[in-house]
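Visitor: Protein chains in written order, with UniProt numbering: chain A, 1 to 479; chain B, 1 to 479; chain C, 1 to 479; chain D, 1 to 479.
Among the clues, some could well be false.
No distinction is drawn between identical chains; accordingly, a pair holds when it is met within one copy or between any pair of copies.
To be verified - Think about it this way: if two alpha-carbon atoms lie no more than 20 angstroms apart in a straight line, the pair counts; the simulated SDA-like pairs of lysine to any residue are:
| id | residue 1 | residue 2 |
| --- | --- | --- |
| 1 | K276 | D232 |
| 2 | K162 | P242 |
| 3 | K44 | Y7 |
| 4 | K36 | D338 |
| 5 | K36 | H335 |
| 6 | K162 | D240 |
| 7 | K44 | L359 |
| 8 | K383 | D311 |
| 9 | K458 | A299 |
| 10 | K473 | I376 |
| 11 | K220 | T113 |
| 12 | K473 | Y187 |
| 13 | K44 | E334 |
| 14 | K205 | Q313 |
| 15 | K44 | F6 |
| 16 | K253 | G88 |
| 17 | K276 | D40 |
| 18 | K36 | E333 |
| 19 | K185 | E228 |
| 20 | K450 | D232 |
| 21 | K383 | D95 |
Simulated from the structure, these hints should not be mistaken for lab results.
4 protein chains.
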Amino acid sequence: MFLKYFYDDALAQASYMVGCQKTGEAAVIDPSRNLKPYFDTAEKEELTITKVFETHIHADYVSGSKEMAERAMATIYYSAENGGDEFGTYEWSDDLDTVGLKDGEKVQMGKVTLEGLHTPGHTPEHMSFILTDGAASDEPIGMFTGDFLFVGDVGRPDLLEKSVGVADSAKKGAIQMFHSLQRIKNYDPSLQIWPGHGAGSACGKSLGSIPTSTLGYEIKTNPALQPENEADFSDFLLADQPTPPAYFGIMKKVNKTGAELLAEQTTPLRFGANVKKMQNLLGADVTIVDTRSREAFAASHIPGTVNIPFDSQFANWMGSLISYDRAVYFITEEHHVDDLRLAMNAIGLDRTAGYFTPLVVEQYEMAEGTADYPIISPEQAEKQLNDGDLRILDIRDHFEYETSHVKGAENLVMNDIPNRDQSELPDGPVAVYCGSGQRSAIAASLLKEKGVDVRNIKGGFMRWNQESRPVDKVEKVTG
Amino acid sequence: MFLKYFYDDALAQASYMVGCQKTGEAAVIDPSRNLKPYFDTAEKEELTITKVFETHIHADYVSGSKEMAERAMATIYYSAENGGDEFGTYEWSDDLDTVGLKDGEKVQMGKVTLEGLHTPGHTPEHMSFILTDGAASDEPIGMFTGDFLFVGDVGRPDLLEKSVGVADSAKKGAIQMFHSLQRIKNYDPSLQIWPGHGAGSACGKSLGSIPTSTLGYEIKTNPALQPENEADFSDFLLADQPTPPAYFGIMKKVNKTGAELLAEQTTPLRFGANVKKMQNLLGADVTIVDTRSREAFAASHIPGTVNIPFDSQFANWMGSLISYDRAVYFITEEHHVDDLRLAMNAIGLDRTAGYFTPLVVEQYEMAEGTADYPIISPEQAEKQLNDGDLRILDIRDHFEYETSHVKGAENLVMNDIPNRDQSELPDGPVAVYCGSGQRSAIAASLLKEKGVDVRNIKGGFMRWNQESRPVDKVEKVTG
Amino acid sequence: MFLKYFYDDALAQASYMVGCQKTGEAAVIDPSRNLKPYFDTAEKEELTITKVFETHIHADYVSGSKEMAERAMATIYYSAENGGDEFGTYEWSDDLDTVGLKDGEKVQMGKVTLEGLHTPGHTPEHMSFILTDGAASDEPIGMFTGDFLFVGDVGRPDLLEKSVGVADSAKKGAIQMFHSLQRIKNYDPSLQIWPGHGAGSACGKSLGSIPTSTLGYEIKTNPALQPENEADFSDFLLADQPTPPAYFGIMKKVNKTGAELLAEQTTPLRFGANVKKMQNLLGADVTIVDTRSREAFAASHIPGTVNIPFDSQFANWMGSLISYDRAVYFITEEHHVDDLRLAMNAIGLDRTAGYFTPLVVEQYEMAEGTADYPIISPEQAEKQLNDGDLRILDIRDHFEYETSHVKGAENLVMNDIPNRDQSELPDGPVAVYCGSGQRSAIAASLLKEKGVDVRNIKGGFMRWNQESRPVDKVEKVTG
Amino acid sequence: MFLKYFYDDALAQASYMVGCQKTGEAAVIDPSRNLKPYFDTAEKEELTITKVFETHIHADYVSGSKEMAERAMATIYYSAENGGDEFGTYEWSDDLDTVGLKDGEKVQMGKVTLEGLHTPGHTPEHMSFILTDGAASDEPIGMFTGDFLFVGDVGRPDLLEKSVGVADSAKKGAIQMFHSLQRIKNYDPSLQIWPGHGAGSACGKSLGSIPTSTLGYEIKTNPALQPENEADFSDFLLADQPTPPAYFGIMKKVNKTGAELLAEQTTPLRFGANVKKMQNLLGADVTIVDTRSREAFAASHIPGTVNIPFDSQFANWMGSLISYDRAVYFITEEHHVDDLRLAMNAIGLDRTAGYFTPLVVEQYEMAEGTADYPIISPEQAEKQLNDGDLRILDIRDHFEYETSHVKGAENLVMNDIPNRDQSELPDGPVAVYCGSGQRSAIAASLLKEKGVDVRNIKGGFMRWNQESRPVDKVEKVTG
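Throw the hints in and build the complete structure from the sequences for me.
Guide: And the structure:
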């Protein structure tokens, strides 16, 4: 048997290739849309990808299963255990070769066997796959657990409720999750656990930075495997789950059928530093994202552009803040363009239309003038707040704000800014902060675009705390 | 003034950027469709491209003028001196900002002046542009001569007749060319000459491998500037012009309006080494080109694929042998894909749909078996020909065949092979040769695909000659 | 805790990074000499590499521990359990910060603990490291087993005897290995196993293509964990171990102290296609390796060069066939140079002096003529053997030859060819074969360089078998 | 004949390849040390580089002639017209194949001829080369003029005096230049002129941004060809020549013999973001250059590092401000390392020892704290100057300062800063400015490292002027 682990850092997403050298076949479990790593490996190992397995309908990225089925003419194996739930039901096109699996059904590939195990909780149809390497033993070697069991965590059950609005599904999912967890306790503790995500994924709340685990180790150490009854477990699981990124709802819809093929995409065009073209686009119904650093954007930017720096959280913020219906243009270094586009494709933002180089900002400054906003120190912020010259906005999530925040700060969650009218936003001078200054730079650019007189507080709440400035918290009423 | 020379090796095509540092503007003369080099330079020099100049309606590559006009919102300056000739008349879309120039009209850009000089011959509307750097002098510094005057050659006047079928236009063009040449003899001999093509271009017959020249040097040394009357000149010019590549006719049509924007193109997909996908495509109405070396293709290839190795003549043979109406798939190393696509775009072949890696041939061999053809030595070829076991085909151009060929060889020009029915091709064993073995490898693959029992003669006519084997020639009847 | 798996395909070698996010420190277990992946990860995770762990003195690649200690100023933790054995004793320079560990000693790094477990067998000093993630549990999570326990195999105990010539050490190591294996049976079966090598490594005989395992799964399925007494185990373990690559002996010496820093290396120079320089080098005491495909080399090569194609076995054959004392020059595509050098460095071949592009072969052919050798079909080989016109050489390992070989073939192990005088080699025509034709292409080039009239049999023993041609085997006398 | 133009943007340096297709030979005129472009072209054209021509002993970059002679085993042709002048005399090693040329001597290469023409002025031995393409004509086609005649300028005659300290050589050179210029007026005005440098080179004072010219055009338009007697010419030529970069003196010495081969260089090492290694180096006798943007450096940098951003002037400032005797370490993005090293090699700074990634600054900030300096607006600078709180330093060249400067500013030329003791520098707060803010950022970092309380004025003198703030100038006493 051949087994290889794949990990996409930007998505904190794990996928897997299993192959049988004897028959030359390979299967991929939960491929992302960028198929290059799978093709590279298959070619190196001289295997042909003939099968794709989907653990569930993903909410956080576009599945590559349809793309693989089309390009490699592979068969898709998916969970048919939807229990009649609309949100657990795939709607594959008839052109594709697909097989719905029921709990306990096995798929044979040479000497390798994958057995479906229905493990609802994160989603109603969620299926794990138990792997047996027949060349070595009849005993299973491990389990692909998707978003059911992570290292140190389990999949969150509240996404359907929060992202798609299915009433009461969070509680229902939590109870399913409890029973799914009890069920796997019967398996051999030396089974390996191969999860669908790692640290940083929004599909759970505290995933570990460890790629693989064992059932025995999880039973001993995973907090989610400790509660002994439905109620305790449910309380534990539903507490403190963060707001899911805005684009999760779209992903759920896209992944029921599979996204458009990447072949349908057109090519992003370079516009160099052309000011006239920039002006032309600024007047059109498109989105222009400036991926330069927050310091550079704060110092000088083209009015009407939004600042989402190209770092590890790029896809997340694009998905949350940018409209899926408009063409997107970038201001970016040319050597980032391919990676930007991969990141956009990963979450189904398929309308990258073109890009300008950073020089366009300088050229625009000379031709038309640019905008800027101040970055101020916590000390300055505190003084101006006390003097009544400034309002301070905490743009973090509610639960972060509630735990502890700058004394006197108001909470305006960043993801809500794009939907606010100007009248719903402060008109006097405001300063924004987040945890460390990264998110608040994006928020500052969003507010600035809506005409707010904004500044960013350097170092965020972390530095505010380090300097022992006054904080406050919200008493939560439980029950 | 700023001036930079650009040269595209694959097209043997020269273009130029002129800028005025004072106003920050730049103009490009005869851009190819790959705009990256122009944008790179403009950004480095902090110039904005505001103008594009077309010397004429090109026959050998897709002009980048429309693409530049759309992306940089630049104005296109083109020759309005069409003399009522349909084939000398542009048909720009109304969306574009265009200016038709008459002989003697000047375009000012800061301190720089470009003056149109009508120089018909290669095409009826052909215009050269005389450049004056007002910052240095009122005297012109040089002339962009497009396909009028090359280093050591002039533009051929027979393309409209041969590629588009305009009767008698070759002779007419030759006479126009004579008068255009006489006219420029009046200019200062120290003027620089900046031509539109270099060695290897099919727009002339003996272009030099020298990037620039002067009017004085050309008057002294260029063979086309020596004949003193229309008749001598015309005889000289029309003699020995090679068959133009098949795609020149298409280019003439495309360049009257400008090609589709590259943004309209979709993305080529990777299919790895997937045999099933390959089988699927082999049954479809598409073209599959194997870009591996001729040795590798001869040794083992997938039946139904054509061998056009990725070398300096790639674009030329693709344009001549491949249908513009079908999607094209490649078998190629992944690191060549971007360059392949650039080469295809350069000649308007915009339907690159996907690619397989070379491993697919090995995988296909294991699954289905592959085909091969022998490469034989001149010695073997001569013996088999004498024994009556073999026919030998010279696949070079008629005028090459006529000059000298393998004794006993028949002439079948390679560009004609795709249009022949199987019944029009030899059914016994044949061996093909060309000059050095490159073209004949392509021809062998074309014949093989049509079911001919083919072999390739190693080293071509060059080696045949070196080994002093018997040759023959065709007596030409002049007059 | 942070944990990441690294895998070097060329070396089939696994290494690991463990970090503690709380203190920002990281440790690398068994780094290879290419530190880029470790630095990339450390930077991405904002960790500082402060520690390096060596499981044992490696025989198959240059350890990167010294390089890391110098560059990152990290501390090296190594096994001090040498039992007085010279070949189990490190000889670190005093400049380095090193700590020798005894069985049971623990190293703390923030919340993470690594405990040394002396597991001799592969080497006398071999140490495994048991990992505990104190942030999650006091129970260990897994074990870095180096070349002690692999997935489906254990480390071979015969390298010191075969590569360095330590008499009787193979048997002694086998018995140590038996007891090391019994000892770990006492640990929790749900412990993860993180081995030092994967499939293809010559440090074992049948390693699995599976990256990680668990103790429980190995106890159930690993053949080496089944024998119940020293004798059975020893017989099992010592049977059928292949000849170790020739460079293993050198590696053992290099790794006792650590190799020279890569900074001491000079830069490989490009010589283009310069024939004069090639002639100059052909007369010098240097090695010239042609990395082109076997088909291209067979068709035309420069006499005096050796053919080692740049594929996955490149480092292996370079280490086995090329002198460590001579400068090495390559004929290779320029885009392979960095990778070639990395592969050379990985096994301590630090004298890459320069390279020519493949065009040099064509230029040499025109100037001086080149050599070639035929690739013949099994059918031709069989006929000529039967006619008495040909001797056939099987250049595979003895144990492969003994199992089954071409009827009438003699065995000449490839690694022995460089050490043979011309007088010890056949002078009539010979044909060589291996398993599939890859190794025998290298062997053919070695024989050709020594003046043998050689040819290569297409497809090797695999194809011979497929075509059902006569084979023979050697009856082994067991005793 | 084959002719190709090469241009190195970083050095503003032109070189040329001439080849004869008939014999397959090529010559390079004035190669820079990066031989890749010459090898690429030679291979593409299937030419072998057999000759190198040196127009003179260069002062501004390391000649690649010796490197080419060693690698391609080519012959070096150089000027033997040194007139007994030590600074005009090459000292080639005996290992090299070299030929000294006298005025009027010709070198034949197939059908191509290069004739030496002694054109002293820029240097005593300076030789131009007249090119004749015998395949086309017996008349010359053009002239490689090195640093004798540029487009719109001539070579400066004062470098030996200013860079190497040869008394009165500037005046003497000016008179030689006058006579060299008169001499070439006798040649055909349609000769092409191929100069050794373009705009931005410090080898002249006002070179044009035009790659090539003709003798006739230069005679008409080049200001240096207008004065009609020695005295007027000399006054014209010696006026307003800028201070040559500090490294020019070193280059003159290096180029008499040729630099060490690049093969002797060791490999730069990556140190990631390792703070401990950084601290270790900060205490050693090495130079650490931070290549990040001036904004990033001003905001936070490691004390003891110098800021030289990686832009088009990088090589110039490195050569002027960095010691040739110390190893150099960089803080830089990894994808710049190869280009940084090329730029360093181009001017003979061959001791690039290693690099850190920009993250090291953040890591250092957390561990040890970093330094910063303010960027202030012209308005703030003017106010503080008037209030007596600030001194303003103009760090431009003397002649720039004299022409016009900020009222009240003192002149401290940047190149002098490294040689000043702390006692010779201001101890109160100072603000620096240059033309646009680029140079002054470097100067600020140099002053900061010497303990000065520094700030940088945004936008430099250009913006000060745009805002119409008070300026002053120095009355020059002529005569």
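Visitor: Hints numbered earlier in the text: which of these fail when held up against the supplied structure?
Guide: 1, 8, 10, 12, 20, 21
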